[in-house]
Amino acid sequence: MALIDYQTALGRLIRSRPAEIDDAAQRQWQDLALSNRERESLESTLAGRGLHFTREVQRSWCKGRARNTAYLTLSVMPESQRQALLDAWVDGGGGIASFAAGEAERLLDFIALRLPPVSHAISLCRMEQAVHRANAALASGHATEAGVGGGVLCRAASASMVEFFAEPNLVLQAVQSNTPLPPLSDAVVPVFFSPKLPGMFRRAEPREAALWHRLALPADSAAVRAECADANLAATVETLLEQGILDTLA
Amino acid sequence: MRAALLDPPSHRGASSVPAPIGIGFPYMPAMPAEVYGQDLIDFVEITPEALCRERHEDGRVRFDLVPGQLARARETCAGLPMVVHGVQLSIGSAHGWNSAYLDMLEQLQHVWPFVWHSEHLSFQTIPGPHGEVLETGVPLPMPYTEEAASLIVKRCAAIARRFGVPFLLENPAHYLEAQGKMADTRERDESPLFDEVDFMNRITMGGACRQLLDLHNLHCNAVNHGFDAFKAIDRLALERVTEIHLAGGSWRDGFLMDAHDSVVPQPVWDLLAYVLPRAPNVAGVVFEVLDRYAPKVGVDAMLRELEHARAIWNACRHRRPTPVRAFA
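Protein sequence lines correspond, in order, to chains A and B.
Going by my numbering, the first residue of the first sequence is number 1, and it counts up by one from there.
Going by my numbering, the first residue of the second sequence is number 251, and it counts up by one from there.
Same shape as in the complex, but just chain B (with noise of 0.2 Å):
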């Protein structure tokens, strides 16, 4: 509560805990648009550069909301509280993060307010030979460093004090062996790496930003760096977590892969039913789909997860403990 008092206005609305919403599921323009007025929706989940162009403007790249696209999502989505999630931000980058983002989305929150916004642990450009910005192709883990948390740390901050509402970053799906052991071990060789664990409980204690908890990035990283998802759950500050995200994905070439493009695997449920008694904060849980797998998963089946994570939201509900509204 101290730090509710001490922070300026702007920032205090990001330090709060947002009250529970109930189950959402991503905006996808090919999605049918009655999906959004059914009642297995409470929300929805925004990717603002789904409703952008990227324009290059005095050697500087921007990113305009399309008007047409942002009214039709608006349109489809009336009614229902929204969140942003974001995939452009690359808050990791050492050598900057992406303000051109951040510009649009100061846009977006004038326009279209949401109740937080997330973003991914990872960092996706580097820089260049001459200076320039270099993208990878694919966001990449951050290593488990104390410089690394710290610079993370700031940033949110800063976010935080940006946007005033709770920005959330969600656990990344990796498949490089060096940043995916120890996860259910505390022991720990001299270096100064964390694991996942640490490294993510080391950013959302800092006091700026939530977890967006993936049950799936977990499941894949537990599956393919061969360590238990129940333990690390545990290790977790789960009274930090807001948002769950359940998702399915496939086999290839013996990893398990973050696809989301299959139902969600009974593992996920599991950790979903073991996590959610356990997290006093979770303000919402979001099934998620890539929009080009959507026609191959289909719309009941789809909406059949919404139902299912319903149920278990719904059950879980009475047995969470009493929400944390300030944290140490």
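If we strip away everything but chain A, and leave its shape as in the complex, we get (with noise of 0.2 Å):
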């Protein structure tokens, strides 16, 4: 058997998805140069306990990195909740990448899907998806590249706003304690993330809060000044930027 013909046969059996994995030998493996005798020992394989627990213990792996990655938002879920979150990005392929970082964006994003739109919980998700984009800026050296400039304004690829419905050191301190979360409030808390921020988050001013949703999609510099008629705003635009909050595109 040639081993590279050998190990993708045997990789996609464990990579493979349970309802995939009984027609594996017809169909998995006809693109291989598999001898008859090869065929009937990955079959047999197939069949032992020691390939459905390896795959056991690669599930196991996967939920593991999934659960590192967002291990606050998790954290305040229903363990019952929490499992069939990660069963499902599990069963859909999420979690084979050794680096979680990776694909944390992902995760975040499927995992908000699935959460109420007022919740602490979303708030989590949020700044955890928050603080992996400013790290992920901050490795590959984006934060610090200045913006190419121009005069259309749009939210900075590496920062975020997130939403809290409490003061967030209580909801922070609530997960860090294992206590009962602080009650949902109407008023909320926007915060912002970015790599180029001390600390990499501050608090959003109401003023930056509404500049940062009317730029969910990009705007006219002079067309955000015009509508705002601030004469704070040029100031409120320049410190975004400058704190990679904001970014400008050519």
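Errors might be hidden in some of the hints.
Only some residues are given here: those of chain B computed to face chain A with a beta carbon under 7 Å [said to hold, decoys possible]:
#1 Leu290
#2 Arg303
#3 Leu352
#4 Pro393
#5 Ala398
#6 Val513
Don't read these hints as lab results, they were simulated from the structure.
Beta carbons: idealized from backbone N, C-alpha and C, even for Gly.
Since each chain comes alone in its own frame, lean on the hints to assemble the complex.
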């Protein structure tokens, strides 16, 4: 057996979903140069308990990677909800990448779509996503690049604004001490995350939060200023550009 | 000795036998820093990927050492000799290994030299349908074939030339029956398959790498696949063993798992006491715990395991055969 064909066959078996494994021999190996004896050997492996256990170990590792990536978000959920989310993520092929940060963005979007829009869990989920995003920008060096310039304002790719439905410190303290979360409040507390901010975060002022919402789509800088007719807006824009929260497009 | 004289200078260091260091412990950021300042630890084992971020650039993956994490690790382990235990090389992947790991390791060696480095004798990537690299999500054992052994031997030689310090490969735990058969017998069928011991010997006797003998992995394989670990040790090329790993595991679904989630079980201590007097070139023994299980095991229990390892190490030092400086 050529080593590469053996490894491909075994690797596909381990990666396949439960529904796919039964027809693995017929479908998954048809393009590989396997002799009859080699095929029989792999089919014997397929029938063994060890293969299924190895798949269980792999599944456990995949869940572990996801759990580490969304640690805070998952920690405030009931066990049944946490397990259901992890199962769904891993069933869809998630968690296989050794460097979980590479799929953090997708995982946290996946979880966010399944959370109530007003909840502490969604705040924590978006916060973890914001931190991963800022860290990725730091690692790639993009955080230190100046904006290209020009007249179109947009949100910086490495920045985020997370809305908390209670005082953020109280939410985080409750998570850390495993005590009940504070009640949900109508007063939203917006927090900016950017790799250029000291400590990577700070509270957003109401005017800044409004501008962030306004720039859900990139907008002409002059139009934004004209809309707001606010003498301080230019200074606000400059501050947010300096702090890597906003960016400009050419 | 002849091999050492003929080797280029960079390769010579890779072929040399490291002097004994003693008892090692993995670097875990969550551990109290004081642990690494105690006399119970003679050297530290670093998994460099834990100090890295992955980056995609021009369609290639790169690993960047994160300066803050690296500085913290160096500060915590200040003064201790350091060895590397990597997890991302995938040295056995026929389609190609992880060159980003080796590039990163070179950066690490430049800023924080290591006494030796090690990896796992396994593969964890396969080629995808469009030429992309697919991860398997868990390391998988190599088939015991000459083709696989030759590939590994060649790659070990390339690593030895590049890094100039000893390179070790760890015997893995696995749960696939086909790989586990016949580990303590010399019987073979007509197939060209080696068993676990023959396969490791074929690679380490190739000359460019030495063995990291993981006794808990060996114990798990012996229990799960039904062979005698002591007889397996008797057949190993023990002069090639440079480092020993100890760990604990747990049972799940009828398999003994190499989970690194508990203290060392007695059969593994027995294996250590058996192998140390027979392996002349062991330079270090490391007790492994996964960082996420460290709180469950507890600092006091971990320190007791280090004391236990040291007691066996000291007791066996005087009974070890004369170190072998060159291999036939």
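Results of checking the hints against the structure:
Annotation: interface hint on leucine 290(B) violated; nearest CB of chain A at approximately 28 Å, more than 7 Å. At a threshold of 7 Å, the smallest CB-CB gap from arginine 303(B) to chain A is about 4 Å, leaving the interface hint in force. Hint status for leucine 352(B): violated, given a least beta-carbon distance of 15 Å to chain A, over 7 Å. Nearest Cβ of chain A to the Cβ of proline 393(B): about 5 Å, under the 7 Å cut. The hint holds.
Look at alanine 398(B): its Cβ gets to within about 5 Å of chain A, closer than 7 Å, so that hint holds up. Look at valine 513(B): its Cβ only gets to about 21 Å from chain A, farther than 7 Å, so that hint breaks.
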